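Asker: Next come the chains, spelled out residue by residue.
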Amino acid sequence: MTYRSTVARAQGELRVVDSAAPVDAPTPSESPHRVRIIDGTLACLARHGTVKTTVDDIARESGVSRATVYRAFPGGRDEILGAVVDTEMARLFSALGVRMGNAGDLTTALVGGIVEASSRLGDHAALRFLVEHEPGMILGHLAFDESDRLLVTASRFTAPFLARWMSTDEAERVAEWATRIVLSYAIAPSEHLDLCDEHDATRLVTTFMLPGIEALHGASTGLIDITPFPPGGTRPSAEIRSGVGGNTGPVG
Amino acid sequence: MPVDARQHIIEATYACVARRGMAKTTVEDVAREAGISRATVYRAFPGGRDELVDATVSWAVFDFFAKLYDRIQGATDLEEVMERGIMFAHRSIVEHEVLQRVMQTEPETLLPALTVESNRIREGIAEVLAPFVVDRGLAPGVDLGDAADFLARMVLSYISAPGRWDLEDPTQVARLVRSELLAGVVVPASLR
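Protein chains in written order, with the numbering used here: chain A, 607 to 858; chain B, 42 to 233.
Among the clues, some could well be false.
[As the list claims (entries may be wrong)] A few chain B residues facing chain A, derived, Cβ under 10 Å:
hint, residue
1, 78
2, 105
3, 106
4, 163
5, 184
6, 197
7, 207
[Said to hold, decoys possible] Per label pair, the in silico range of CB-to-CB distance:
hint, chain 1, residue 1, chain 2, residue 2, range
8, A, 766, B, 88, 49 to 55 Å
9, A, 827, B, 182, 22 to 28 Å
10, A, 685, B, 59, 50 to 56 Å
The hints are simulated quantities; they were obtained by calculation from the structure and are not laboratory data. Since the structure is predicted, the reported quantities are computational estimates derived from the model, not experimental observations. Positions of the beta carbon are idealized from the N, C-alpha and C atoms, including for glycine.
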């Protein structure tokens, strides 16, 4: 899989920029110290968060001088923090690309993507510190409009790996759906379902996702009839439907 | 402190937030708005501003759910409960002026309280949906608790960020409900 990508933040909007350059390598015009400084910053964030991390701390942790930090990032602290977000997202998507790209079937691709993303989010020391000590900063990216943007970015990137087994439209919906699932269980872990665990993730994918994907396909090809309820009323078939209410199927 | 007095203070807090935003609302403002002394506010809410904000968010969430519950009354099956609920919830969030303004201008003031609430909200949605799932017929081998929790998580995700789904369009909502939400949870309609 040679699919590489970097995530750039432009005018406040996340967009995926395809690039032939490996994610971790700086472009020739960039300082060779950028990656080192970004990794040093991640170590600082994991210990002190964004508020208490200064450029001095970053320079010390990265083993370079303040002047070197400013040569690599003329915008200082804010520019470094932006680059950290972009780099970490690019690393996550790179790992997802490898894992999903190597999958031989749909279930393996979905389970692999979900486990990879969940584990990386769960093991991310800097992210964990920020969620605990600066929740507003992280959650701002996970709520409402920001969340929509994140869903679009993540699904655009992962959809091509699913399109081997379904149409582009279906792949984009399923990729977005998987992103929602990962985010939901990452933000509010469940006692019954650990998505970092291959077995649990497989159970979720086979129980809830595979039938859903089949239904998405059925709906788009007209195999499944979908009639929304009429506004202000109930479906004409409501009487018949409630008539089979006694058939509740197995429970538990 | 009688419930009414607490309620009065919460509504005063909400009025202040609606006017000035969350960060600029002080205990002093709330006392003035409610027509009582600061000391009375602190007697009702010893935690001061933080406790007031949490209580006001809880109240707003409860109010939302009371309306949502009304909206799904009379629905005949799980599909209709979810379609009506999702469309109503989405519209309520989009049209909620105070919520939207706070989220645009000062999300960091609201998100911690909303995150704490979200666990309760999720459990509440799961509790409301579970009996409808049982009635509709749980898919073989699926645990009811897992299924209700999964549905609640997904409902929360879609209503707060619709992504590529147009939740104003009944046909799209019907498709969403029958695929990503219910397909793995309940027995297929054709087998009932």
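Asker: Take the hints in turn and mark each one as holding or not.
Answerer: For each hint, the structure was consulted:
Evaluation of the residue 78 of chain B hint against chain A yields a violated restraint, the C-beta minimum of about 31 Å exceeding 10 Å. With 10 Å as the threshold, the beta carbon of residue 105 of chain B stays out of range of chain A, its nearest partner Cβ sitting at about 15 Å, so the hint is violated. Given the 10 Å rule on beta carbons, the hint for residue 106 of chain B is violated: about 18 Å separates it from the nearest Cβ of chain A. The criterion of a C-beta within 10 Å of any C-beta in chain A is met by residue 163 of chain B, whose closest approach is roughly 7 Å, and the hint holds.
Satisfaction of the interface hint for residue 184 of chain B is found here, the shortest Cβ-Cβ separation to chain A being roughly 7 Å, below the 10 Å cut-off. Nearest Cβ of chain A to the Cβ of residue 197 of chain B: about 7 Å, under the 10 Å cut. The hint holds. Hint on residue 207 of chain B is violated. Least Cβ distance to chain A is approximately 12 Å, over the 10 Å limit. Roughly 50 Å separates the CB atoms of residue 766 of chain A and residue 88 of chain B, a value that falls within the hinted 49 to 55 Å.
At about 27 Å, the beta-carbon gap between residue 827 of chain A and residue 182 of chain B stays in the expected band of 22 to 28 Å. Here the CB-CB span from residue 685 of chain A to residue 59 of chain B is close to 37 Å, at odds with the stated 50 to 56 Å.
Of the hints listed earlier, those the structure fails to meet are numbers 1, 2, 3, 7, 10, in rising order.
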